[in-house]
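Work out the full structure: start from the sequences and follow the hints.
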Amino acid sequence: MQYAFYYDQSRCVGCETCVIACKDWNDVQPGPSGWRSKTSTEVGEFPSVSVYSLLMSCNHCEVPVCVEACPTEAIYKREEDGIVVIDRTKCDSNLECLNQCPFGAPQFGDDESEPIQDSAWLVPHPMQKCTFCWDRWAVGLKPACVESCPQRALDAGTIEEIMEKYPDAVRSVVGFPDSTKNPEGVNLPSGDTMPAIFFKAREALPVVK
Amino acid sequence: MKEQEKAVFLPDVSRRTFLKGLGTLGTLGVLHGCTTESVPETAAPEMPEPTGAVVESLPQPDLKPPSIEGEIFAGCAPHNCGGRCLTKAYVVNGVIKRFVTDERPDKNLVDGTGDDPQRRACLRCRSYKGRLYRSDRLTYPMKQTKERGDLDGFVRISWEEAYTEIAEKMLSIKEKYGPKAFYNHYGSGDGSVFPGYAATSRLVNLFGGAQEYRSDYSWPAVEHMSWFNLGQNYYFPSGNSQDDIVNAEVILAWSNNYSELIWGTNSAWYMQQAREMGAKLISIEARQTNTVAGLADEFIPVIPGTDPALLLSLIYVMIEEDLLDKEFVKKHVHGFYDDPSPTLYSAGVDATKYKVPVGASLSAYVIGDSEALVDGTYIQGTSIYPEEIYYNVNEDDELAGKGTPCFGQVAKTPEWAEKITGVKADTIRDLARTWATKKVTTWIGGGFQRCSESEQSPWLITVVGAITGNFGETGRNLAMHTDKEPVAFAGLPLVPNPIMMDLVADLYDTSNLTAPDYTPFITRFTFPVFLWHDVAKNGGTGKSEWNDGQVKRTKVGIKCLMNIAGNALLNQTGDCNKQVELLKDKTKIELITVVDQYLTPSARYGDYLLPAACAWEKNSATTNWVVGGNVIYMNKAIEPPGEAKPDYNILAELAAELGFGDEFTEGKTTEEWIKEQWEAGPYAEKMSHDDWRKEGIISTWDETNPTLIQFAAFRADPAASPLLTPSGKIECYSQALVEDYEARGYDNNDTGVTLAGALHDGSSVGRFVYPIPMYIPLLEGKHADGTHPDVTGRQQKGYTFLMQANHIKERSHSTHNNNAYMNELYKMDKDGNPAFLDPNRKLGFVWDDDVYEPVLINPADASNLGIENGDRVLVYNDRGKIYASAKVTQRVRSGLVMLGQGAWYDPVDGIDRGSCANTLTRQRPSRICQGMTLGSDTLVAIEKA
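Protein sequence lines, in the order shown, are assigned to chains A and B.
For the first sequence, our numbering assigns the number 1 to the initial residue and increments by one for each residue that follows.
For the second sequence, our numbering assigns the number 210 to the initial residue and increments by one for each residue that follows.
Keep in mind the hints are simulated off the structure, nothing from the lab.
Misleading hints may appear alongside valid ones.
Using 27 angstroms as the maximum straight-line C-alpha spacing, the simulated DSSO-like pairs for lysine-lysine come out as follows [unchecked claim]:
1) B:306 <-> A:38
2) A:209 <-> B:648
3) B:306 <-> A:142
4) B:535 <-> B:647
5) B:633 <-> A:209
6) A:142 <-> B:316
7) A:200 <-> B:489
8) B:877 <-> B:895
9) B:355 <-> B:854
10) B:746 <-> B:787
11) B:611 <-> B:877
12) B:378 <-> B:746
13) B:316 <-> A:165
14) A:209 <-> B:489
15) A:142 <-> B:903
16) B:647 <-> A:209
17) A:209 <-> B:895
18) B:273 <-> A:90
19) A:200 <-> B:316
20) B:273 <-> A:77
21) B:1039 <-> A:38
Structure follows, in structure tokens:
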């Protein structure tokens, strides 16, 4: 089974409630680490500008390049739901995951935001990232981000559920990174990571009169 | 030092280890067993207790999800935010670990599941840990022992000392000056129905009464015009219930940034639902807000402050192209057409004294000198109005004797408006045809009133909606939305002001009102809240800085000011640098009592600082405001820090010290007030008090309630169901508006100007306030063609950027400015990196270095100034200077800069590092209502710094 996100870019107003709800639920303090974030792409010049928000966390890829890239085998993908999990006791902060992830999902705290360290950690601030709210799924709740959205732009479920509920969903929108390339633009040796996210695309609006 | 400063902000740590003194205890010290920082003498030093903070062992391989722990409390954290949404806190060991929002079924029109949407909270309430858990909370009472504003002068006192000293001073002031020297200042920080403001109102009224303000800093022009356009029972221009938006063909979102402002719970969601159900949404706005970018199908960019010119040209097109049902207009709208012998619907108003002379109607003003559009029946002559208008100011005012255009003799053609507004003439024609022929629902915001001529836009919006018949039917709305039925839960009962009628005698002269029963009562015993500083400065002297008639009539200045849960003492009032001088002067205001949670810029100027509990630290209740359909029980989930307590308790204890504690409380705690009101109200039969408290929320309507169509009876038969205006119609020639202005003590005659005909009173003498809406350029504004008048000379001085001070989604006014969770979404350091105010910083007005508010600037302007994205800049004019961080974006027009309002004023060496917009604005009130903060009528210069 594979859980997936659905993001309706045409409904999103970029309010970032999901970003905050994620930090709050997962107890990620203000600071460099944010499991979910907004990017905003402006196309055109004032006043004829279209703004494409993209709110995204880890996409729990079907072929997660981070798992492959990690030399310490700290990241693994769960068979039962496809969630990609970091075992923070194995991370030595070598950043290979970050260097390869097309989506910038791996996050790293600092002393201010993560003042308490586990004695089992190898480094002060091992990688952390979105768990797809696996604790919430475990009790029958959808992720915090999904259930926070004031514009009802987010959803999540198994890939089958998402495809059935949103038959017109697409696999990319303006602003979404190329899932076959690392952040440097180099082709990933493992090919497309197959991110578990579906979209409704935003039209080029508003029309300026 | 840095090591200690990075002390922990950890909900796990017992709250008792948080701040106990002015020198905060670094909790890192707690965890590591280190020493604390030195503690200033004024603080009561207290060593941290070992907390045994648990270092949680992380999951091991073959990891399992953590269990979800905590006791759940439902509530809300309402500030001066238009939303009232549900959040629920998970509490572990007395600490809030996390929040969730409404988890009831989500029933929506767009998918046919009903009409009872979840009241989902936005980021403001979801980030509330960032507001509760900071080391710089106020945790014990303090008094100022040196000059006001001097941080070194604050010393800790006991509650008992505070009550005793405040009560003694109140009694002494009352003895010396009487009750009119008391003033309960605008304090909107607690948006519950048991707020400090209401408690203070009870206190001062039981004590003997006080001077009162009217309206607010948010919507003064919208409200003032609503009283006169729609009738005094319309405090707001309320319209159809929000669900009706899905029945519109076209939605006009004018100056409407509901998705960032938050105006009503779920408003932006209803806008989106309507779009998906077939409506087209047109935004008329100055920049690409999140609402424009996210919700608009069409965007009409307009230069701030020029909206009235755009609206007048729309009317011109409707007249020129004969798009209006003229008999319908005449029946429902007073003064759109010349009407020397009007038919009035309101009983007891003499029609011969309430006429619209030839050439004096709004239509005549719109056609200007265009004789071709005079039809002899509806428009009986060309405009009698002049080309110039002057300012009703004191002789020594910089505006004395200065005129500015009001375009009385100009035809308000789309081509005329294009040069002013920047909107293409063809677009104006298209919009006029759309508005006149489609089912149009207009939802306005307040940005377009935030200027020196604030009244004109809200007035004209209502007029255009009225003449196009967009009211009183489904899918058609004039200005604002509301609930299907009003929420019936009042909150803390008010005590009448015992000196109200005495204040009426002081402040208002009804003798020349033609229709006193249809002229609002609220202006009679109050002064405009924005002029409170003028009352404080000049009350009782017969003078007014702004020549305001009511200020001149006050018998005494403000001597005892209660500033409860408010930041309008300084931060949210105009011209902060100037305001500080008033606050420092103890010969003016003799006693300032502040109740707050933080040492805000306003709190800094208190004589007594009393620490208040936040939402979640006390039981309370809240209802939706303009729209939202819910009543929420705000459960206490945690203890307040230190000695902080609920403001109701603070005011009740002060009342007891003053000798009327029992009258104040009527023997009831807040919980008992809430329960009593619930059980006496209409919702108790649907849900018991205890169930409501547990669930936290009741929806006051759903899909089974009918859609409310405002003005339906008036539309169907206005003579039988007149409005509470003198004519009984929607008024666009408002004689009552002018008479009220005069009754407030203004000499409205401007003998230097002569009209081309007479007004209702038979006189052709020019006026400062006319009975019709006009376009009058701002004091500090811009026109598309560069011809904007420069009456204050500030363009000449090189202040060439028009600043708009807008609401941002991360703050509710100035509340949440110190919320680190949201700070990092928008504030930046001088290198343009995300930045936040350290949650572990010490109490004191010591700003974190290097945390700035973004100022949005167009790439072309930035390039010309050598400014790159993220650069620190200096934004300044002759009133003040601020640092900010440049956010270079195509979402703002060249020549404009946008700065979020509400950042906390923090001047160091003459430069406000806190980036408060009001460091740059003025205190001058707007022309008619004498209200308004001038956040969009401000010229500035900007440079890299």
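Now the hints, each set against the structure:
1. The hinted pair formed by residue 306 of chain B and residue 38 of chain A meets the criterion: a straight-line CA distance of about 24 angstroms does not exceed 27 angstroms.
2. Distance hint between residue 209 of chain A and residue 648 of chain B is fulfilled; the C-alpha atoms sit about 20 angstroms from each other, no more than 27 angstroms.
3. A distance of roughly 19 angstroms separates the Cα atoms of residue 306 of chain B and residue 142 of chain A; the hinted pair therefore holds under the 27 angstroms criterion.
4. A C-alpha spacing of about 17 angstroms is found between residue 535 of chain B and residue 647 of chain B, which places the hinted pair at or below 27 angstroms, so the restraint holds.
5. Restraint check for residue 633 of chain B and residue 209 of chain A: the C-alpha separation of about 8 angstroms stays at or below 27 angstroms, so the hint holds.
6. Between residue 142 of chain A and residue 316 of chain B the alpha-carbon distance is near 17 angstroms, which keeps this suggested pair within the 27 angstroms criterion.
7. Between residue 200 of chain A and residue 489 of chain B the alpha-carbon distance is near 19 angstroms, which keeps this suggested pair within the 27 angstroms criterion.
8. Under the criterion of a C-alpha separation no larger than 27 angstroms, the hint pairing residue 877 of chain B with residue 895 of chain B is consistent with the structure, at around 25 angstroms.
9. In summary, the hint linking residue 355 of chain B to residue 854 of chain B is supported, as the alpha carbons are separated by about 26 angstroms, within the 27 angstroms threshold.
10. About 12 angstroms separates the Cα atoms of residue 746 of chain B and residue 787 of chain B, which keeps this hinted pair within 27 angstroms; it holds.
11. Distance hint between residue 611 of chain B and residue 877 of chain B is unfulfilled; the C-alpha atoms sit about 58 angstroms from each other, more than 27 angstroms.
12. Distance check on the hinted pair: residue 378 of chain B and residue 746 of chain B sit about 20 angstroms apart at the alpha-carbon level, within 27 angstroms; holds.
13. This hinted pair checks out: residue 316 of chain B and residue 165 of chain A have alpha carbons roughly 17 angstroms apart, not beyond 27 angstroms.
14. Of the supplied pair hints, the one linking residue 209 of chain A and residue 489 of chain B holds, its CA atoms being roughly 14 angstroms apart against a limit of 27 angstroms.
15. The suggested pairing of residue 142 of chain A with residue 903 of chain B holds, with an alpha-carbon distance near 23 angstroms, which does not exceed 27 angstroms.
16. Simply put, residue 647 of chain B and residue 209 of chain A have alpha-carbon atoms about 18 angstroms apart, close enough for the 27 angstroms limit, and the pair holds.
17. Using a Cα cut-off of 27 angstroms, the hinted pair residue 209 of chain A and residue 895 of chain B is violated, with the two alpha carbons roughly 50 angstroms apart.
18. For a cut-off of 27 angstroms, the pair hint linking residue 273 of chain B to residue 90 of chain A stands: about 16 angstroms separates their Cα positions.
19. Distance check on the hinted pair: residue 200 of chain A and residue 316 of chain B sit about 21 angstroms apart at the alpha-carbon level, within 27 angstroms; holds.
20. Taking the CA atoms of residue 273 of chain B and residue 77 of chain A, the gap is about 13 angstroms. The hint holds against a cut of 27 angstroms.
21. This hinted pair checks out: residue 1039 of chain B and residue 38 of chain A have alpha carbons roughly 21 angstroms apart, not beyond 27 angstroms.
This entry does not satisfy hints 11, 17, going by the numbered hints stated previously.
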